[in-house]
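2 protein chains.
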Amino acid sequence: MPTANPRPFNFSAGPATLPEPVLRQAAEEMLDWHGCGMGVMEMSHRGKEFISIHEQAVATLRELLAVPSNFHVLFMQGGGLGENAIVPMNLAGPQPGGLVDVVVTGSWSKKSLAEAQRYADARAAASNDADGRSAIPAPGTWQLREGAAYVHVCSNETIDGLEMAELPDLAALGCRSPLVADCSSHILSRTIDWSRAGVVFAGAQKNIGPAGLTLVFVRDDLLGRALPICPSAFDYSVVAAHGSMFNTPPTYAIYVAGLVFEWVKAQGGVAEMDRRAAEKSALLYNYLDDCGGFYRNRVALTARSRMNVPFFLHNESLNDAFLAGAREAGLLQLKGHKSVGGMRASLYNAMPLAGVQALVGYMKDFARRHG
Amino acid sequence: MPTANPRPFNFSAGPATLPEPVLRQAAEEMLDWHGCGMGVMEMSHRGKEFISIHEQAVATLRELLAVPSNFHVLFMQGGGLGENAIVPMNLAGPQPGGLVDVVVTGSWSKKSLAEAQRYADARAAASNDADGRSAIPAPGTWQLREGAAYVHVCSNETIDGLEMAELPDLAALGCRSPLVADCSSHILSRTIDWSRAGVVFAGAQKNIGPAGLTLVFVRDDLLGRALPICPSAFDYSVVAAHGSMFNTPPTYAIYVAGLVFEWVKAQGGVAEMDRRAAEKSALLYNYLDDCGGFYRNRVALTARSRMNVPFFLHNESLNDAFLAGAREAGLLQLKGHKSVGGMRASLYNAMPLAGVQALVGYMKDFARRHG
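Sequence order for the protein chains is A and B. Every letter in the first sequence is one number past the one before it in the numbering used here, and letter 166, counting from 1, is 166. Every letter in the second sequence is one number past the one before it in the numbering used here, and letter 343, counting from 1, is 343.
Everything labelled a hint here was simulated from the structure, so no lab data went into it. Be aware that a few hints might be false.
A pair counts as met if it fits within one copy or between any two copies, since identical chains are not told apart.
Heads up, simulated DSSO-like pairs for lysine-lysine below, C-alpha to C-alpha not over 27 Å straight-line [to be verified]:
(1) 338 x 48
(2) 364 x 110
(3) 111 x 48
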């Protein structure tokens, strides 16, 4: 296999780094999957070969996340931004104009709110805009409306670097509406309490890998509510009834996701990913907090994301030098999102501890040279 | 590279066979694209590496199909069935209930009609249902309504094996509505007369390769008409304004499509694909017509698809033996669509002449042994 070894560490927020064994296997099987004479990209989605790949991916995913049998696992397209419309088209019915409450904790939930307003009476139940998106509003302060079609949260804000350690317990808040959680950028890094969830979705291109695949978990009783204007290809009921094969699914992305699921399982499952996420993120946050102010992260301790760590240099005129030196040191894609600025290190499952160690080592060295 | 050589010939209707050099290059670049230290699947879609891949793919596609500057080239998701809703959500506005005329020539256009009826007053302008889908209704007989938002055709019916040799000239029929053409399964096998087109779309998983990518060509004056309920991620105006990067695009599928575009160009472009399509399909149709009735194709000569050739054994009890023998001879995925039965050989651009020669050779041998 033609590749430089070791590879640089890639901190992209998504599409993002993939486990090297997954890429090697995909490369090896590109022309001929398991001796069938076809590559995965060339298989009919209705043939026995791809059906086995698809079923295995679903089964491993169910096992990894302990998905209960009353949840459907759907493989869809359109990403998180597509899902921002697909969710209300599916859940705000059967009549238009239902109530949707969105907890605004950053850029992603804000986009979800704006898109839901096309289909529903959607409002912010809470917002951290006023405090500079540094903390997650306490659930007790959320203004939840009686009879809302659903409550939306983004449990990890990729751009702002905030994360909910667990899904909120709406029942404990006296709310009977189903919870919709956008888990795009931390799925498979911690367990999901399914008893609190109605719909969980995740674009695969962050913590799983290939762009163009969206995972959607839908509780059985939430099927059949779609608005009449919901496209068939994006109607959860239709997709579920056809086993994600109403239209041609993104077959290669499903295959690669399946390889990632197997890799996670072989590493020790979600429990081990959880442990590593705690270890990796603590290493970086501890340095940020102890470095004496050369760098800093602005998020409250209780709301810090283990997946996406935005940080800022005290002297922002050094940003370009920091990024150039990082690239030379084999530390890629550290530039922050344009709406936030500064730097961002994404520490997804596929990022080894050694990558974070190398990053912190570089940061220390850079601070010493420019402090 | 671990692969058996030569590979079997794969006649799948889609996802379908890819050019071997494309697969080899994709495998070689899996862990490191052009020395950047990342595989294509791991790149931020906003980084300079992927932007160059994306821009190159668009430029080569524009060159191959001589796309005029007043057409936008969009890379979207959701496939043909998704597009069946996305087209009316974009073009049947600005008020709901616009008129949509659909020319029904087979399974795909029939699905397009049914989905358009969710958003518009959509009707069949013509239908070949009554004649068993053996011919394309003559344009002069189409019942086109004054002021229709658009007229929809499927210029190659993958399941039924019918193809329009050119896009219909609506102006010559006295119709001023824009033409929408679903070219999914014959795109890049012949030129497109853009003066006749308003929107052309194509799922990539048939004649280009990877599933999960939809190519959409939209004439500039057709932007800005979307219904209010059109999701932002599927609004042609939004997608065009963001250069297909409003949401994360299916990056790997775009990369592979770009490799296919380069391969087509290196082979001699669309003119050469056109010549080969004529040669390959003639070889198979000539044998079907001359074989003395052991096999037959039911489509009228003028409507026969060069891409998808359904055929039937005179004695259908031999179907399983035919398919088993074909597999042994290295001829894969020849079973017909379940709604049609019999056999189907898809002869997309990536199918070499040698594959069709091998198929006809096998068919002759099988007929001799069972005739």
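Comparing the hints with the structure gives:
Proximity of residue 338 and residue 48 under a CA criterion of 27 Å is satisfied inter-copy only: 15 Å between copies versus 45 Å inside one chain copy. Within a single copy, residue 364 and residue 110 get their C-alpha atoms no closer than 35 Å, and across copies no closer than 64 Å, so neither meets the 27 Å cut-off. Taking CA atoms no more than 27 Å apart as the test, residue 111 paired with residue 48 passes between copies only; the shortest distance there is 25 Å, against 40 Å inside one copy.
In summary, the one numbered hint that this structure violates is 2.
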